[in-house]
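Trainee: Residues per chain, in single letters:
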Amino acid sequence: MDQQQLTALYRTMRLIRRFDQRIEDLVNRNEVAGSTHEYVGQEAVATGVCHALLPDDVITSTHRGHGHILAKGGDPRRVTAELMGKITGYNRGRGGSMHIADLSLGIYGANGMVGAGVPIACGAAFAAKYAKNGRVAAAFFGDGGINQGVVLESLNLAATWGLPVIFVCENNMYAATTPLRETVAIERLADRASGYGMPGVSVDGMDVLAVYQATVRAAQRARAGQGPTLLECKTYRYGGHFTAEKSRGFKYRTDEEMADWRRRDPLVTYGAWLLREGICDPQIVDAEVEAVLDDAVAFARASALPKPEEALDGMYAVTYPGLPARGWL
Amino acid sequence: MRELRYIEAFNEAIHSEMAKDPRIVVFGEDVRLAIRGFMKGILGRFGPDRIHDTPISEAGFTGLATGAAMAGMRPIIEYQIPTLIYVAFDQLVNQAQKLRYMMGGQGKIPVTYIVPAGARRGLAGQHSDHPYSPLIQMGMKVVVPSTPCDAKGLLTTAIREDDPVAVFAPVSLLGVKGPVPEDDYVTPLGQADVKREGTDVTVVAVGALVPEALACAKILARENISMEVVDPRTLLPLDREAILASVRKTGRVVIFDDSNRCCGFAAEVSAVIAEEAWNALRGPIRRLTRADVPVPFSMPIETYVLPSSDRLLTECRALLGRA
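Just so you know, the sequences run in chain order Y and S.
With the first letter of the first sequence counted as 1, position 51 gets the number 51 in our numbering; the numbers rise by one all the way through.
With the first letter of the second sequence counted as 1, position 213 gets the number 213 in our numbering; the numbers rise by one all the way through.
Source of the hints: derived by calculation from the structure; they are not laboratory data.
A few of these clues could be false.
Keeping only pairs whose Cα atoms sit at most 27 Å apart, straight-line, the calculated DSS-like set for lysine-lysine is [claimed, not checked]: (1) Lys177/S x Lys20/S; (2) Lys177/S x Lys218/S; (3) Lys307/Y x Lys108/S; (4) Lys177/S x Lys195/S; (5) Lys132/Y x Lys218/S; (6) Lys40/S x Lys218/S; (7) Lys195/S x Lys132/Y; (8) Lys249/S x Lys218/S; (9) Lys195/S x Lys218/S.
Using the sequences and the accompanying hints, generate a full structural model.
Mentor: Okay, structure coming up:
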């Protein structure tokens, strides 16, 4: 990797971190409705994976999806606008935080159902294999998602059919508030891969270069027709499962555990390394990121809300009289 | 016109569309050997890249078809029994059907779901449902062809449609013969077909009950009762105007539908008539549906819970005061 690429990894991680920190503020100020699932702490995973992909490659994301969308090239303006329910948002205000999609960037959607995007990524991979266009698909899911039936079905389908997929399991050790040791009887989630007949790789999800390199290898394998890889990235979310969790005062993680993970913060460790190696000055990147986010928030605030009657548009590619049914005569 | 069996008309539509469009691939359990007949000859003619036997993972391969469709393909899924859609329900209604809207109108999801529908007798409660109402409630386009001709026309339309479409093929009709056009033939969505004209009572019949209604019409004709049989053919989009026009003419209506009663397709048709043609009615709207119990196995109790010709005759005579 050259200096520019190494700097880009940091920029993406910083963008994700500050994006979600700002969104948390906007949620608390009621500028973003409902609740979101912040990605803070896990930035190295989305960044390492998506930087190892090509623009035409496909991802499917999760309820905790802002990081994946931004890392795959999503425009912070349109993501912010979507979160504010504006017409300029990626989904024209239809989806909000858990559903952002941009098919032109290969983002086949965040998803509100745990694991539901995983077979969709397999479908994109099937299409790539059928068309022999060399594309790969990466399916993000968590340690919660790996117990969802449709995810396990997808692992089996992809291995059996040799689909070019990378299954990225972000193991942050908690399915919402339930700890991994209470939902899974094995130590290493990547071990599940051998049961399906594919390689399982476990990497430090706080180390962006480790994630990047593991993804490059998985993508090479996939593009060479050697099928899928299960990539477990061990990581940690600093915040709650969702924004409002802080105010609920749930206690399911110890202070020591949280402090231990923060000491391995991917931005701090990687930023210090960049500075030490003379690759770039992270503070300059930080300032650039703030400017991008200032612009994104200003853009979203200045954008219009959808018109009420637009709620009935776009349900079908082909429409007919009476469709969609309105809720009144 | 030459005659084909329903299953042959279906098969002809699949062959003809797959020959035209290489983006069409088939997914399903035991489809290569065409265990039910829908896919007869597909493997031999189009090869193993175009037709795939899946693991028994309905949610997984349904989601896979959605992703492939988003990437530009046009998959056909064949489910071996109608109730498999329950296993795949999130992927059908929460994903395939909702994603285009939820993405703000981005992309297309052209997937055709072939669902062999309903009881060939004696299959009991987990193989005999006609679960189209739950799909309709979630906005999925649904067709139920009742003749070989409609089977070819509606399946062709479904495959060419740029949205998900569920095609319910009543198993009891698969062997029935009828005239089918040889060349390219489509039946548009949203157009009902008046299968028999009449003046005294409208019967809105679905799928396998269409031929039963037509048989009843002959019996009632001998009693000087003139039955009009309206086959909606496409349940969503629904040709409301055709149904309303018929009810306005006859003033009497029985909805004859072999699916569940509560909040079911017959309830929707009934509501449409009550809202829009109430002033033309000369009697109550009658629904003749299944009982809301799992279809039981043993013949007398199975027969008892399903809508029947005998009950249709009774309903029609009662509406005309001939009880």
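Trainee: Would you mind marking each hint as holding or not holding in the structure?
Mentor: Hint check:
Restraint check: the Cα-Cα separation between Lys177/S and Lys20/S comes to about 26 Å, which is no more than 27 Å; the hinted pair holds. Taken as a hint, the Lys177/S and Lys218/S pair is honoured in the structure, with Cα atoms around 20 Å apart against an allowance of 27 Å. Using a Cα cut-off of 27 Å, the hinted pair Lys307/Y and Lys108/S holds, with the two alpha carbons roughly 23 Å apart. Simply put, Lys177/S and Lys195/S have alpha-carbon atoms about 16 Å apart, close enough for the 27 Å limit, and the pair holds.
Note on Lys132/Y and Lys218/S: the hinted pairing is violated, with a Cα-Cα distance of about 58 Å set against a maximum of 27 Å. The hinted pair formed by Lys40/S and Lys218/S fails the criterion: a straight-line CA distance of about 36 Å is larger than 27 Å. At most 27 Å may separate the alpha-carbon atoms for a hinted pair to count; Lys195/S and Lys132/Y exceed this at roughly 48 Å. With a C-alpha separation of about 20 Å, the suggested pairing of Lys249/S with Lys218/S holds against the 27 Å cut-off.
This hinted pair checks out: Lys195/S and Lys218/S have alpha carbons roughly 13 Å apart, not beyond 27 Å.
Checked against the numbered hints given earlier, the structure breaks hints 5, 6, 7 and satisfies all the rest.
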